[in-house]
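Participant: Chain residues, written in single-letter form:
Number of protein chains: 4
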Amino acid sequence: MKKVNIAVIGTGRMGSVHTRNIARLIPEANLVAVCDIRLEVAQAVADELGIQRVVKDYHELLADPNIEAILIATSTNTHAFIMKDVAAAGKHIFCEKPLALNLADIDKALAGVAEAGVKLQVGFNRRFDKSFQKVRAIVAPGEIGRPCILRITDRDPELPAMEFLRVSGGMFLDQTIHDFDMARFQVGEIEEVYAIGGVLIEPELKEFGDIDTDVVTLKFANGAVGAIDNSRQAVYGYDQRLEVFCSNGTAMANNEFENTAVMGKPDGFLSAKLPHFFMQRYAPCYVDEVRQFIECVREDKPTPTTGADGRAAVVLGHAAWKSLHENRPVKVSEIG
Amino acid sequence: MKKVNIAVIGTGRMGSVHTRNIARLIPEANLVAVCDIRLEVAQAVADELGIQRVVKDYHELLADPNIEAILIATSTNTHAFIMKDVAAAGKHIFCEKPLALNLADIDKALAGVAEAGVKLQVGFNRRFDKSFQKVRAIVAPGEIGRPCILRITDRDPELPAMEFLRVSGGMFLDQTIHDFDMARFQVGEIEEVYAIGGVLIEPELKEFGDIDTDVVTLKFANGAVGAIDNSRQAVYGYDQRLEVFCSNGTAMANNEFENTAVMGKPDGFLSAKLPHFFMQRYAPCYVDEVRQFIECVREDKPTPTTGADGRAAVVLGHAAWKSLHENRPVKVSEIG
Amino acid sequence: MKKVNIAVIGTGRMGSVHTRNIARLIPEANLVAVCDIRLEVAQAVADELGIQRVVKDYHELLADPNIEAILIATSTNTHAFIMKDVAAAGKHIFCEKPLALNLADIDKALAGVAEAGVKLQVGFNRRFDKSFQKVRAIVAPGEIGRPCILRITDRDPELPAMEFLRVSGGMFLDQTIHDFDMARFQVGEIEEVYAIGGVLIEPELKEFGDIDTDVVTLKFANGAVGAIDNSRQAVYGYDQRLEVFCSNGTAMANNEFENTAVMGKPDGFLSAKLPHFFMQRYAPCYVDEVRQFIECVREDKPTPTTGADGRAAVVLGHAAWKSLHENRPVKVSEIG
Amino acid sequence: MKKVNIAVIGTGRMGSVHTRNIARLIPEANLVAVCDIRLEVAQAVADELGIQRVVKDYHELLADPNIEAILIATSTNTHAFIMKDVAAAGKHIFCEKPLALNLADIDKALAGVAEAGVKLQVGFNRRFDKSFQKVRAIVAPGEIGRPCILRITDRDPELPAMEFLRVSGGMFLDQTIHDFDMARFQVGEIEEVYAIGGVLIEPELKEFGDIDTDVVTLKFANGAVGAIDNSRQAVYGYDQRLEVFCSNGTAMANNEFENTAVMGKPDGFLSAKLPHFFMQRYAPCYVDEVRQFIECVREDKPTPTTGADGRAAVVLGHAAWKSLHENRPVKVSEIG
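Chains as they are written, first to last, in this note's numbering: chain A, 1 to 336; chain B, 1 to 336; chain C, 1 to 336; chain D, 1 to 336.
Hints were generated in silico from the structure; no laboratory data involved.
It does not matter which identical chain is meant; a pair holds if it fits inside one copy or across any two.
Straight-line C-alpha distance at most 25 Å; calculated DSS-like pairs for lysine-lysine:
1. Lys265 x Lys134
2. Lys331 x Lys108
3. Lys265 x Lys130
4. Lys2 x Lys301
The model shown is predicted, which means the values in this text are computed figures rather than measured ones.
Generate the whole structure from the sequences, applying the supplied hints.
Facilitator: Printed below as a string of structure tokens:
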């Protein structure tokens, strides 16, 4: 079977990770070009990996009939229009989350994807985590009964840069969005959310209406209930846990630790902290999600995370913001 | 220092536990009498323990000047009026939770206690658990910053008898009431609650409007947020966990297990289930709470769990029911 | 069924624990008398528990036809001759370990027991631990194959008093003796031992030829091999672990901890230390072993730990000392 | 700084892992050639990775002045003479363990290395494990006192192929050799060993005098003692644990698990098995050890695992065999 020719648009933080993964660890893909409006950034990673073609303007890639697929890892506000262009050029798309902050933009992009009939995968990396997948494998067949309670703990180790936060869509669209997707992955469709939270860590967030701490409750269509809790500052590392409690058992995914060493001392046992952040914790997922995307293109299969998944998580993020602002439960159907 | 003369009213499930604990394990107390309207029940435990005096009508005990303290473990609907009578007789009171289901009854009883100037301790046994106390000892001094998120998981192993459930006050007043008290113990006063949940296990509960599964979110006066989750059926045992996540660290109390044995097999490692239920899990707490009550009487100190604590938990239970029925956040001040 | 009348000889550290347990927690026994050559010591515990009869000379108890069983918890050097006298008086015996340091004394005592036809139980408390019992319940039926490797870690938190150590029989007869018995309980008869070790903690031990650190390897009759490791100073608490690794799986008993609280901090997760020492760690075992002894007397059943068990562990202790002194493997049959 | 030109001799199981790691994950190295006497095996991996040069006879590489370093991953019986040739050609060497089974061969090879003044690193991959390194980082500075007891559990999931075992040097030179090196890494020089064990799993091993189960005790020069236990069949996965118990604390490295998912069921909690085998468990170590070798070559630093380390572990393996055969402790100095 022949390799899939792919290019990467956006070689910043996440984009450079994807670029290295494709070049080194996904032999089924052929990385033909990288693109960044900061040409020198793209050039640096291309040099490191021996990639032949480097462009500044992504339109150059669209005209190349040799390129079958494009990975989009630009800043969020450009995802939607680039997706539309790439789809129109007939190329398959892997796009980082969130698809966009604005639902109208998402809907236009998804319409373009549908019209062009190209594949679209959204970068919900956590769905590829082996422990979360194991939880789903336990729960989904029903061997431990019906899901009753979902609990997700998702806490960043430290606040991202303020300039990023100001354009991020805020906590529910930047951080909780992963949990909304995970909740749908594990338990199913969500009908209503209620969000509480505030600024308990970093007062500067108040300037632009963001928060750093929250609890979001979920009502699922199947009758299950759930609670997500988030923080921007877990000093012991990136805290990633979930539990799907069912009528005849429970399935939990606990944290991974930096190492397994434990020191016994007069005041107790000290074990390692958690991996610093998502780059470390989910490193294998970033490889697997793109490997599966490549496989879907090669074998013409549906992608594991779809445009509809990408949209649903954004809708839930908006619902959570509305709930927080109006201090009432908000139905997902109110958002659209 | 002389022993405290104490009598027990109500020698059913909890009452007989307290009776045995006092007789065997609290040498600072002198168990002078037991009382139950089912005289043969009281007689049986008295015979087992060599207790001299057994009465059917608790009023007989009130007239005895020798008795300094009374432990009330009768059915909930009798707590309030017995408390009032015991207080009027000038005897100190240890009363099982809940004080009553009805706030007016509680207020009358507490007024009687206040007027008589006797001590009152409410049986919130979990406050005496060594792990929950350790969490509080970590959090309260502020060494890991301010509390941000409280998480409590409290799941019974199986449904109590239907005849009990029909008069229990329902999930929020029977089961969650412990979590409301624990939340106040760990983080402080609660201003608002929001409850979701339903019947996912036992349809018969619908006949009298009870539920078996819920998530309750909490807003604390200090800005922290919280989520409690409850179920009536955790098939792996009595699930009792909590976490107080703070701005500079976290403190968790994990489950205890029946034993520490682990079997390694081709499909993984199997460890023990949880203790069956509260009698096993909190056995030492039932001793400690009464031992401290006796100490408070002997040394004339304030009790560790007060009438105000008992009332606050009932208020929160009513707020949760109101929230569930009206599907909106309910302020504690709405209840009274 | 009627209660068993029992008396306790020796009310020091272990004896007072047994006395309290019998008086408070074993309703099937009737504690009729306590005895200690330090009469005031016996009197104090008798006062605390309301025991009627207190004697200084144990011979007084032997003449009492009402007493059916005697618990011996005197100092080790008196066990053998008291046992012989008690057996001759036709009373059943629970004796603390070790039966004696000298095999000739043990053999004379066991001959007396056999001749009198009374029951004898030796105080190997660890056999009554729920986790060690669970390991045995997994291994013994063969569901995970044949035992291949036994590992025991047994470390005291701190050195006992020097005056005790000087008459204790040394590490292998005071501490490792428990592990020899546990090894026989879990895997079966031992044919050969090899011991290494030395003084790494407390130089004063060299004065009387004792050690504070060792590893003892075991060859079992069934072909399995084993290793015990011991220390007199585990600063993080009383370390008690074992594993029976089998051809189709493994069964381990991990440590118990003082509580389940865990604190997450920037340098990792700190959990509780271990229970301080045997009194805390094995508290329920001290009750269970005597409860079972009482049951064996009442129901005329064989005791769970026999005189032969008590002798075998002492033989293994002597073999270990011989091995250490001669730096060679020593067959158990060399000792006798 | 310029890249190090390296070639790989032997592209079988371990050799192909090293080849892929160098090509994909060690940008500081330039993989210029691969060599295998089975030319098609070398060609296949070269094709996969785009390596230009493939040779059958390693002598061809020796003549190439462009090649600075050679990684030797051929079968054990060829290590020594290839090493000698490579050293004579003035190239730095990374050689898989064991250096050879025969001490005379090792000594000749090491003499050649010394004479040529080239660097030599031996493939003791476990020294590069983050958890074992953390244990050493805790122990080595002495913050928890002096080492007293070393415990290593090292159990393979299943027996290797019989044809491999027949030429492997047997359990102590194939499997335990890693533990001997780890023991030296953690605690220091070993003076005496004593080995017990036998065939408890696979009777066919008896044909050529090998065993599948053992316990080896260690006496260290610094007074510490140790015990290693090994099996060829741990059905729950590759079991890799160690503990360095010290006079003021302990440091342990526990197992890694395939994932962190846990299922709660009526019979307890089931967690994942261990990684299948060394390829999975130590995957990052195989990268790190070669990365450090490349760094040592580039920066002219001493290698982290030396020829002396490689020799010492083989000496200990022979001492263990002698001990088993003669059933007595064997001094390392008896072997040479």
